[in-house]
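Asks: First to last, the sequence lines map onto chains G and F. First residue of the first sequence: 1, per the UniProt record's numbering; consecutive thereafter. First residue of the second sequence: 1, per the UniProt record's numbering; consecutive thereafter.
Since the hints were made in silico from the structure, they are not lab data. The structure presented is a predicted model; accordingly, all values stated were derived computationally and were not measured. All the given hints hold, so there is nothing to weed out.
Simulated crosslink set (SDA-like; lysine to any residue; CA at most 25 Å straight-line):
#  : chain 1 : residue 1 : chain 2 : residue 2
1  : F       : Lys125    : G       : Asp310
2  : F       : Lys158    : G       : Phe293
3  : F       : Lys68     : G       : Val173
4  : F       : Lys125    : G       : Leu299
5  : F       : Lys125    : G       : Pro53
6  : F       : Lys125    : G       : Arg50
7  : F       : Lys68     : G       : Val157
8  : F       : Lys125    : G       : Asp313
9  : F       : Lys100    : G       : Leu258
10 : F       : Lys125    : G       : Leu312
11 : F       : Lys158    : G       : Glu282
12 : F       : Lys100    : G       : Phe163
13 : F       : Lys125    : G       : Arg309
14 : F       : Lys158    : G       : Tyr278
15 : F       : Lys158    : G       : Pro284
Covered by chain F, per the in silico footprint, the following chain G stretches (three or more residues, Cβ under 8 Å):
#  : region
16 : 169–183
17 : 278–286
Where is the CB? At the ideal position from N, CA and C, for every residue including glycine.
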Amino acid sequence: MSEAKKFRAGSEGIGARGGEERVDAAAGGEAVELSGRRAGLWADAWRELRHDPLFLVAGFVVLVFVAMAAFPGLFSSVDPRACDLSRSLAPPGGGHPFGYDLLGCDYYARVVHGARVSIAIGVLATGSTVVIAVVLGSLAGYFRGPVDTVISRLTDVVFGLPFILGAIVLLSVVGTRGVLEVGLVLVALGWTTMTRLMRSSVLSVVNADHVSAAKALGASDARILATHVLPNAVAPVMVYATIYVGIVIAVEATLSFLGVGLQLPAISWGLMISDAQYRISEAPHLLLFPGLFLSLTVLSFILMGDALRDALDPKLR
Amino acid sequence: MLRYTLRRLLQTVPVLIGTTFLVFAMVFAIPGDPIRAMAGDRPMAEGTYLALRDRYNLDDPLLVQYGKYMGGLVRGDFGEDFNGREVADIMADRFPITIKLALVALAFEMLLGILAGVLAAVRRKSFMDSLVLVTTTAIVSVPTFVLGFTLQLAVGVKLGWFPIAGLTEGWRSYLLPGFVLGALSLAYVARLTRTSLVENLRADYVRTATAKGATRRRVVGIHALRNSLIPVVTFLGVDLGALMGGAIVTEGIFNIPGIGQQVFLSVRAQEGPVVVGIVTALVLVFVLANLAVDLLYGLLDPRIRYE
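For reference, chain G alone in the conformation it holds in the complex (with noise of 0.2 Å):
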């Protein structure tokens, strides 16, 4: 009995840290008990999406990229780095279903192992994105006053750098460009979007009563941004977020490809790409299949974010 009460507790513990899970505790404030069943923001908008056949099919690709990234070993038990000159260029056939590259390495080994890199950078530079313009964004929508002139000149600042060109001209500037460096270049060009749309998004819901009254009642404004208007101002910058996992990844391929971002010996999607330039009308297959696993990547995220928008929009139930 006892122990089962200490392990309901410390589930409850991980559930409260967990990303999802908080959120929507934390929106579970203001849900309602219905028939058993709850009703908040992300409650029905999961329950949209467990029915939803496209967010279904995005999801299921993003997990297969997931998995790719974590245990490539699952999907190709060649070793990508193990390379026959002998076998240079040669094309599709037979056990290796994408051909051999310009070394004689197997294609389709190499572009699995690609798979990390990509969702790496993805999701660690929209993470961290996503912590930078959810705290500068409420700050300057709910203090307003001066912090809200710095922070949003600063992001105007920011935002009128042309995102590729500044990415060229930093990362020029570093030496050795691994998944590290890479990614914080994007996250320091790229957060202000977010920042935006976080601010905005706060601003909608200041004014609402229920934060009035908290107000009223005395809450410190630490409690008023935690428990109050975040919960409620999230939504769109969780949608955006989503989509933007799919945009830094075909970023990151686009830096690597200019030969600004990842460095051989990284295997890479953007650097197989750049390698194939030389020789798309000779071997074509270098081009097309990292291209695809890239395309694909991104659509899912894209259509994944889609699909949220649509589930969390109240007006299109």
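Based on these hints, arrange chain F on the given structure of chain G.
Replies: Below, chain F without anything else, positioned relative to chain G:
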């Protein structure tokens, strides 16, 4: 209106200063000595070396360098690259090409994007509608450089319909790169037109127009479409600035000697003045395009008034 314009112009000044300083600081931080790099393997006389460093203010601290640069910029002097060529001349050579490319991209967005959006909206939930939705989603998820290569391979190399690279065939050389550059925004324009038109087709004035006997073509084309294009025009205006910055990838793939290619080469060669000059010009275009769109808004929608 005039007061609004002036206030907006004044507001852009701090943004412009901040952005140029950011770029300047970034270029300043690039390690290595551009003067030594210029000489390559050959030895350079110490006197020449010091004179060149002095000429380009390379020994001043960051803020002083920036101050001197902005001083020149205010007088319309963009400075010169390390070979003594005026940055303004370089930009005069390169900008028209990128502007042409961006205009071709914009033309594709307007023609194909709006057409696709209208076709999808007038027959909602039809095959055409689904086709437009699927195609635009697909275009959005294929990164520009992948799309560029694929089209270069398919219609350039295999089919031979378009020149593969360079500008040797006049306006025909701009078609394929222009399409690739505008593809992403084309998809957005199609979706925006569709959403906006679907909403407006439900409006009362559309029902009135239909009731008084106007043809379907006239109702959609004259009454509904004109009102639906307001968000599209906004997007296109903002996009013009973004296209010029985004040309860097497209110009690289199709080997077009525009502003994007120049800035990429200049970053590699550590030609700070050229990079800063071009980025400043691009930011200016971006800011002015935004302002123009805001002002145009009032003309398109008389309900909007400027204080």
